[in-house]
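If you want the building blocks of each chain, they are given just below.
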Amino acid sequence: MEPLNGLEITGRILWQFLPVWISLIVVFALSLHFKRRLGLYGKLFDSPIGMIGFGFVMFWIFTGFYAAFDMIITHDPLAQISGLKNEPPGSALRDPGPGEYPWYLLGGDNLARDVFSRMVKGSSIVIGIAPLATIFAFMVGITMGLPAGYYGGRLDTVLSFLANLILAFPVILLFFLLVTPEIIAAGVPSFMAMVLFFFPIVFFTVLLNSRYHSQPKIRTPLLIVVVGALLWGYLALISSEGYLVQTETYAIPLLPQALDFINTSSGFLVVFVAVVFVNSPTVYRIVRGLAMDIKTRDYVAAAQTRGEGPWYIMLWEILPNARGPLIVDFCLRIGYTTILLGTLGFFGLGLSPESPNWGATINDGRKLLSIYLHPALPPALALLSLVLGLNLLADGLREESLKD
Amino acid sequence: MGLFILRRTGVMVLTALCLTFIVFFLTNLFPNLEKLAKTQGNFRMSDEAVLSWLTNNGYMQPTVLKYGQWLGVAPGWTLERPDGTVRGKCIDGDVTPEVAAEAPTYCGVIQGNWGYSTVFREPVSAIIGGKLALTGVLMFWVLLLMIPLALIVGILAGMREGTVLDRGLSTFSILTTATPEYVSGVIFIAVFASSAVGLKWFKGTATQAMDQPTFENFFLPVLTISLYGMGYIARMTRASMTEVMTAQYIRTARLKGVSFHNIVLKHALRNALIAPFTVIMLQFPWLLNGVVIVETLFNYKGFGWTLVQAAGNNDIDLLLAVSVVSVAVVLVTQLISDIGYVYLNPRIRLS
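Protein chains in written order, with the numbering used here: chain A, -8 to 395; chain B, 31 to 381.
Please note: incorrect hints may appear among the correct ones.
No farther apart than 25 Å at their CA atoms in a straight line, the calculated lysine to any residue pairs in the SDA-like style are these [unchecked claim]:
(1) A:Lys34 to B:Gly198
(2) B:Lys65 to A:Phe182
(3) A:Lys76 to B:Val227
(4) A:Lys394 to B:Gly228
(5) A:Lys26 to A:Ile16
(6) B:Lys96 to A:Ile43
(7) B:Lys230 to A:Ser361
(8) A:Lys358 to B:Gly228
(9) A:Lys394 to B:Thr276
(10) B:Lys68 to A:Pro344
(11) A:Lys394 to B:Met189
(12) A:Lys358 to B:Pro243
(13) A:Lys358 to B:Lys68
(14) A:Lys358 to B:Phe245
From chain B, some residues computed to sit far from chain A (all C-beta separations above 12 Å) [said to hold, decoys possible]:
(15) Asn62
(16) Asn72
(17) Trp83
(18) Gly88
(19) Ala104
(20) Arg111
(21) Cys137
(22) Pro178
(23) Arg190
(24) Ala208
(25) Gln242
(26) Thr276
(27) Gln278
(28) Asn344
(29) Val357
These are computed hints drawn from the structure, not numbers from a lab.
Since this is a predicted model, take the numbers as computed values, not measurements.
Glycine included, every Cβ here is placed at the ideal spot set by N, Cα and C.
Based on the sequences and whatever the hints tell you, model everything.
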């Protein structure tokens, strides 16, 4: 088989992304058609910057989604094929088996793995962790920030001190302390997960209870179903192989394996926990500031006069009116989380060394950077385009929401 | 004002104590100590050997007590060996009981004893001093490049809101904030330093810059850190500048017939630079992250590189000293930013 030239490589890469292109066209066509009926999301399509950002973001979301089902990729991202070590983009396999893709589209890395497939597969990891971790960080930040801003006083002082404590830690130092095999062996991430993942349950319980507490007929069954499902998910998430913590010296049994439907490896869990932990205090500060601002408004006073409870006011009066800045920050924060995940991978913390996450791939590639460019640049540019897309999207959203 | 600074300093000390205790607690978890024992002794130590090594070196005491000793508020540990000699935290090696009696009781950070690095086999204070000096040089050039660049970009963009220049510069700032150091550094090395592209304008490593910083070997690391920090400051400057440019007194000045040049330089700039000042100060913690990544990427053996080494090898004393220094940097810059904001902005008065 002949090696491919530049044009052929580009063409074939574009062809590999075909499902992504189709999905993008469908999303854009539908959104543009119905944009007048879609609120803030629809207005996004009035701003070119926002639209470009949205395009980048959706591209990686679809890529990550399809790559999770092994579409788009041409080879197994962990497989090494002899003779392709550090080979340039477009190199042909020596003797491709039947059904095997006969080229390494973006060349091979220093262990003769396919750079293209690793880059694509890396997007699955980011798309799987970053948005979810950001949502968790928001729930922790909102659950703590709303009462701190609304009540003020002692509670605010204590919570703000704790938040500033975490913020005063240089992020990298925190990662080096938290995301090590020894700390995992000591069971620290499991305990942190236990605390951090409890916040969504509190959040949803209070959210629903404050809304429906005057209608027990709806409230009670609703709470039982929602809280039950969340608790099950919570237990499944924090327990692995039937245990909460399983170290050499002690073990705490939890949910039996038969009921455990989420399988998280300890590396994945510790990365997730660390990222949520680092992000929540900043969210807390933003929410607290917004709550302090909004609680002086007339509609809050009206709700107080009506006799609404404090949690109803916080979650159903203040929070919806703080959504603009929060949505913008949510986009920026996913980008920041992506950068943090890259940092973790770059220093070889958390995920297993051969996992194709972008940070680790960049770190592997940079060692030979003076001779071979192709292993390091694709993941670097991928990460750049995703974060840039999120930033542009946030910028577009901010501009459009300010126009209201 | 004096009371405000005093209260802030009090909170700062409390924060520093809490943070160092957290670092102390995490580094003193048993699996970490086990790793330390194995790297110091040998990797095939049995569990009993690990335990006896840890006991003989004072690591098996309660964490709070050890923290007190490290801080210098609890008397240092001493241990009588089977052969009659005595070793302890404040004693150098194994000595006779007579010599040991003369050693000081307290020897912690308060007494100026930062401990001994198990990786570099040197007193911690000597390492930290040298490494901080190296990183100081790096930071000096970063600030020298980053602040003027950020302010110029921000002012030019905010001067005339909505123009092509504004759009272009704002997009550029967004691009720089979206490019973490490990991405921009890799791209810079690939373009400017690798033989694959062939420009070879700069060196891809800054190891030589530790002794002899030159433009060739030092520009890329400085640029890499500056760019990531720059975008945020530039955007804040732009926001502040656009706000000032719509103020009443600017309109008055314009109606009075002051030239645009003079409006920007004499009327707008002073007020527009209050916000960026605090932002620059609050940017220091992020710069610290950048320093760690860039020093690793360019192999510049400064403070950030030491952090990676200390953390990777669980060098407890060194890691604690590194955390104290970085936490101090963060807290002091926060304090300066608060005081500076009050000082620069006449509308805020602390009562």
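The hints, checked one at a time:
1. As the CA atoms of Lys34 (chain A) and Gly198 (chain B) are separated by approximately 22 Å, the hinted pair is consistent with the 25 Å bound.
2. Of the pairs offered as hints, the one joining Lys65 (chain B) and Phe182 (chain A) holds, with about 22 Å between alpha carbons and a cut-off of 25 Å not exceeded.
3. Proximity of Lys76 (chain A) to Val227 (chain B) is assessed by CA-CA distance (about 20 Å); at most 25 Å being required, the pair is judged to hold.
4. The hinted pair formed by Lys394 (chain A) and Gly228 (chain B) fails the criterion: a straight-line CA distance of about 49 Å is larger than 25 Å.
5. A C-alpha spacing of about 15 Å is found between Lys26 (chain A) and Ile16 (chain A), which places the hinted pair at or below 25 Å, so the restraint holds.
6. Using a Cα cut-off of 25 Å, the hinted pair Lys96 (chain B) and Ile43 (chain A) is violated, with the two alpha carbons roughly 56 Å apart.
7. Proposed proximity of Lys230 (chain B) and Ser361 (chain A) is supported: the alpha carbons are some 10 Å apart, at most 25 Å.
8. Between Lys358 (chain A) and Gly228 (chain B) the alpha-carbon distance is near 17 Å, which keeps this suggested pair within the 25 Å criterion.
9. Distance restraint check for Lys394 (chain A) and Thr276 (chain B): the Cα-Cα separation of roughly 17 Å lies within the 25 Å cut-off, and the hinted pair is therefore satisfied.
10. At most 25 Å may separate the alpha-carbon atoms for a hinted pair to count; Lys68 (chain B) and Pro344 (chain A) meet this at roughly 23 Å.
11. Between Lys394 (chain A) and Met189 (chain B), the direct Cα distance comes to roughly 21 Å. Compliance with the 25 Å bound is thereby established for this hinted pair.
12. Distance hint between Lys358 (chain A) and Pro243 (chain B) is fulfilled; the C-alpha atoms sit about 22 Å from each other, no more than 25 Å.
13. Restraint check for Lys358 (chain A) and Lys68 (chain B): not satisfied, since their Cα atoms lie roughly 29 Å apart, outside the 25 Å limit.
14. Annotation: proposed proximity of Lys358 (chain A) to Phe245 (chain B) holds, straight-line Cα distance about 23 Å (limit 25 Å).
15. Interface exclusion of Asn62 (chain B) from chain A breaks down, the closest Cβ pair being 5 Å apart, not more than 12 Å.
16. Every Cβ of chain A is farther than 12 Å from the Cβ of Asn72 (chain B); the closest lies at roughly 18 Å, confirming the non-interface assignment.
17. Against the 12 Å criterion, Trp83 (chain B) stays outside the reach of chain A, whose nearest CB is about 16 Å from its own CB.
18. Consistency note on Gly88 (chain B): stated as away from chain A, and its beta-carbon is indeed over 12 Å from all of that chain's, at 20 Å minimum.
19. Ala104 (chain B), annotated as away from the interface, keeps every beta carbon of chain A farther than 12 Å; the closest lies near 23 Å.
20. For Arg111 (chain B), the condition that its CB be more than 12 Å from all CB atoms of chain A holds, with the nearest at approximately 28 Å.
21. Against chain A, the non-interface label of Cys137 (chain B) holds: every CB pair exceeds 12 Å, the least being about 25 Å.
22. Pro178 (chain B), annotated as away from the interface, keeps every beta carbon of chain A farther than 12 Å; the closest lies near 24 Å.
23. Every Cβ of chain A is farther than 12 Å from the Cβ of Arg190 (chain B); the closest lies at roughly 17 Å, confirming the non-interface assignment.
24. Here Ala208 (chain B) does not stay apart from chain A, with its beta-carbon only about 4 Å from theirs, under the 12 Å limit.
25. Every C-beta of chain A lies more than 12 Å from that of Gln242 (chain B), the closest at about 21 Å, which supports listing it as non-interface.
26. The Cβ of Thr276 (chain B) sits about 14 Å from the closest Cβ of chain A, beyond the 12 Å cut-off, so the non-interface label holds.
27. Look at Gln278 (chain B): its CB is around 21 Å from the nearest CB on chain A, clear of 12 Å, so calling it non-interface holds up.
28. At roughly 7 Å, the least C-beta separation between Asn344 (chain B) and chain A is not larger than 12 Å, which violates its mark as non-interface.
29. Annotated as non-interface, Val357 (chain B) brings its C-beta within 12 Å of a C-beta of chain A; the closest such distance is 6 Å.
Hints 4, 6, 13, 15, 24, 28, 29 from the list above are not met by this structure, while the remaining hints are.
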